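Undergrad: Chain by chain, the residues run as shown.
2 protein chains.
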Amino acid sequence: MKIVFIGSGNVATHMAAALKASGSEIVQVYSRMFGNAGKLARRLGAEPIDDIAQVYCGADFYIFSVKDDALPGIIAQMPLTGGVWVHTAGSIPISVLSPHNDRGVLYPLQTFSRDREVDFWDIPVFIEGNTAETAGLLRDLAETISGNVHYLSGDKRRVLHLAAVFACNFANHMYTLASEIVGEEEISFHLLNPLIAETAAKVAVMDPRTAQTGPAVRFDEKVMRKHLELLSDPLKREIYSLLSKSIHNISVNQ
Amino acid sequence: MKIVFIGSGNVATHMAAALKASGSEIVQVYSRMFGNAGKLARRLGAEPIDDIAQVYCGADFYIFSVKDDALPGIIAQMPLTGGVWVHTAGSIPISVLSPHNDRGVLYPLQTFSRDREVDFWDIPVFIEGNTAETAGLLRDLAETISGNVHYLSGDKRRVLHLAAVFACNFANHMYTLASEIVGEEEISFHLLNPLIAETAAKVAVMDPRTAQTGPAVRFDEKVMRKHLELLSDPLKREIYSLLSKSIHNISVNQ
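Those protein sequences? They're chains V and C, same order as listed. Residues 298 to 551 (the numbering used here) are what the first sequence spells out, left to right. Residues 298 to 551 (the numbering used here) are what the second sequence spells out, left to right.
Simulated from the structure, these hints should not be mistaken for lab results. Every value quoted in this text rests on a predicted model; they were computed, and no experiment measured them. Check the hints yourself; a few may be wrong.
Remember, identical chains collapse to one label, so a pair may be satisfied in a single copy or spanning two.
Claimed, not checked - Cross-link-like lysine-lysine pairs, in silico, BS3-like; alpha carbons within 25 Å at most:
id : residue 1 : residue 2
1  : Lys336    : Lys364
2  : Lys364    : Lys523
3  : Lys453    : Lys533
4  : Lys542    : Lys364
5  : Lys453    : Lys364
6  : Lys519    : Lys364
7  : Lys453    : Lys523
8  : Lys519    : Lys453
9  : Lys519    : Lys542
10 : Lys317    : Lys364
11 : Lys317    : Lys336
12 : Lys299    : Lys336
13 : Lys299    : Lys317
14 : Lys364    : Lys299
Using the sequences plus the hints, can you model the full thing?
TA: This is the structure in structure tokens:
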């Protein structure tokens, strides 16, 4: 397959590498910043471009992987091409690609950081197409890079994306706050690693409600009061109270 | 070593099993509920008791592992014994054991669920003793069950415990909320497992601030607004807004 990438961020970087490794040809990488296009294109043996009018028109897939806010603008500037136009965003409907006849979505449910390798094969990839034929083409493409491909409607995809914000972005923020708390006392954050790993591993086999431990689920008010006293930052105090309340609500309604 | 356990909850269950496996003798298990004492004692070849006055007086260690609130009450009822009195609580000072001469703390930093096996050897265990000699005895005991033993003062231990509430209890609650969100749309929570695993694995090798991804760190207001619209539960909306604000604060101050 010949593929053009519009965007050179973390999702584009990892997906393009996986596609190339599975035999697709990445013909071009577009970025507003020529340097960014060049950096990714070089690794892929692709041509870097920073002028969207120079897009190669004979590719099979055009994969748009840019910041959500930038997507409509870049689509409006796209020249006429063949192939299927695809975006990778959880919260954007397929209709954003409506200037083009054949359109779809390839949404990989994972957190990507530039310098961290991930095994794409394990990543759940959610596809959507505007026709059964497009969906079939996207399934074939997705199945070259993932063993975990699912069809999911746009309405469900945005719910999944919202859940991912909690399970990933907010969970990671809890690690950040923990890191700040121990950092003030010069205790190494890495002492928390076995706890973080086990907390995540538990919910692969247990319902997270059953896995819940700690003072809030026991409603151990004395401990919670002492913890609030230890927190000098008002925002952390607010987060502690709100999350303890939410944990307690769920445990009493179980 | 001869050990008496006061308490039969998750921490007691896992620590007692590890101690027995490494050659200690668990002589008794006390619980307010005889059935609970019996269940754990049976597995350990120990005597179950529900009357604290019947505690065996010749043990080397008395390990108090009960709900924080219950600790002072049970200590007040303890008969005179030899050995070292030890508690396992992150947030309680060693002084709660002051009726006894030789006292200390064995705090295992892990989340324990009754039916889930953990490898105790990997768990960081934090010790404290009221004298250098007691601390030495506790270090020797801890090193029979963990390859990750550290001395930590009570002041630092309670900070570490607070950080653990964020890194474990609150992170797990994020999984619970994600599970509720996908559950309403009949999407399987297990699709989120690779994402949860990778999010946790990343912070073993990256600073969590650097690992942060998602709409809040990009300050993608359009996505955040759409997410808030999707959340019908006011408490989840409040959590979404507060955590997004906190993520954004940290990213702009970096």
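Undergrad: Against this structure, judge whether each hint is valid.
TA: Hint-by-hint comparison with the structure:
In this assembly of identical chains, the alpha carbons of Lys336 and Lys364 lie at most 25 Å apart only when taken from the same copy (18 Å versus 56 Å across copies). In the homo-oligomer, the alpha carbons of Lys364 and Lys523 lie at most 25 Å apart only across protomers (15 Å), although the nearest pairing inside one protomer, at 42 Å, exceeds that limit. Proximity of Lys453 to Lys533 under the C-alpha cut-off of 25 Å is restricted to the inter-copy arrangement: shortest distance 18 Å between copies versus 32 Å within a copy. Taking the shortest Cα distances, Lys542 and Lys364 sit within 25 Å of each other only across copies (19 Å), while inside one copy they are farther apart (34 Å).
When the C-alpha separation of Lys453 and Lys364 is checked against a cutoff of 25 Å, the pair qualifies only within one copy, where the shortest distance is 20 Å, while the shortest distance between copies is 42 Å. In this assembly of identical chains, the alpha carbons of Lys519 and Lys364 lie at most 25 Å apart only when taken from different copies (11 Å versus 45 Å within one copy). Taking the closest pair of Cα atoms, Lys453 and Lys523 come within 25 Å of each other only across two copies (13 Å); inside a single copy the shortest separation is 41 Å, beyond that limit. Taking the shortest Cα distances, Lys519 and Lys453 sit within 25 Å of each other only across copies (18 Å), while inside one copy they are farther apart (42 Å).
In this assembly of identical chains, Lys519 and Lys542 lie within 25 Å of each other by CA distance solely inside one copy; the values are 15 Å within and 28 Å between copies. For a Cα distance limit of 25 Å, the shortest separation of Lys317 from Lys364 inside one copy, 23 Å, qualifies, whereas the shortest one across copies, 55 Å, does not. In this homomeric assembly, Lys317 and Lys336 come within 25 Å of each other (Cα to Cα) only inside a single copy, at 15 Å, whereas the closest approach across copies is 57 Å. For the homomeric pair Lys299 and Lys336, the shortest alpha-carbon distance inside one copy (19 Å) is at most 25 Å, but the shortest distance between copies (64 Å) is not.
In the homo-oligomer, the alpha carbons of Lys299 and Lys317 lie at most 25 Å apart inside one protomer (10 Å), although the nearest pairing across protomers, at 62 Å, exceeds that limit. Within a single copy, Lys364 and Lys299 get their C-alpha atoms as close as 23 Å, which meets the 25 Å cut-off; across copies the closest is 62 Å, which misses it.
Going down the numbered hints, you'll see the structure goes against none, and every one checks out.
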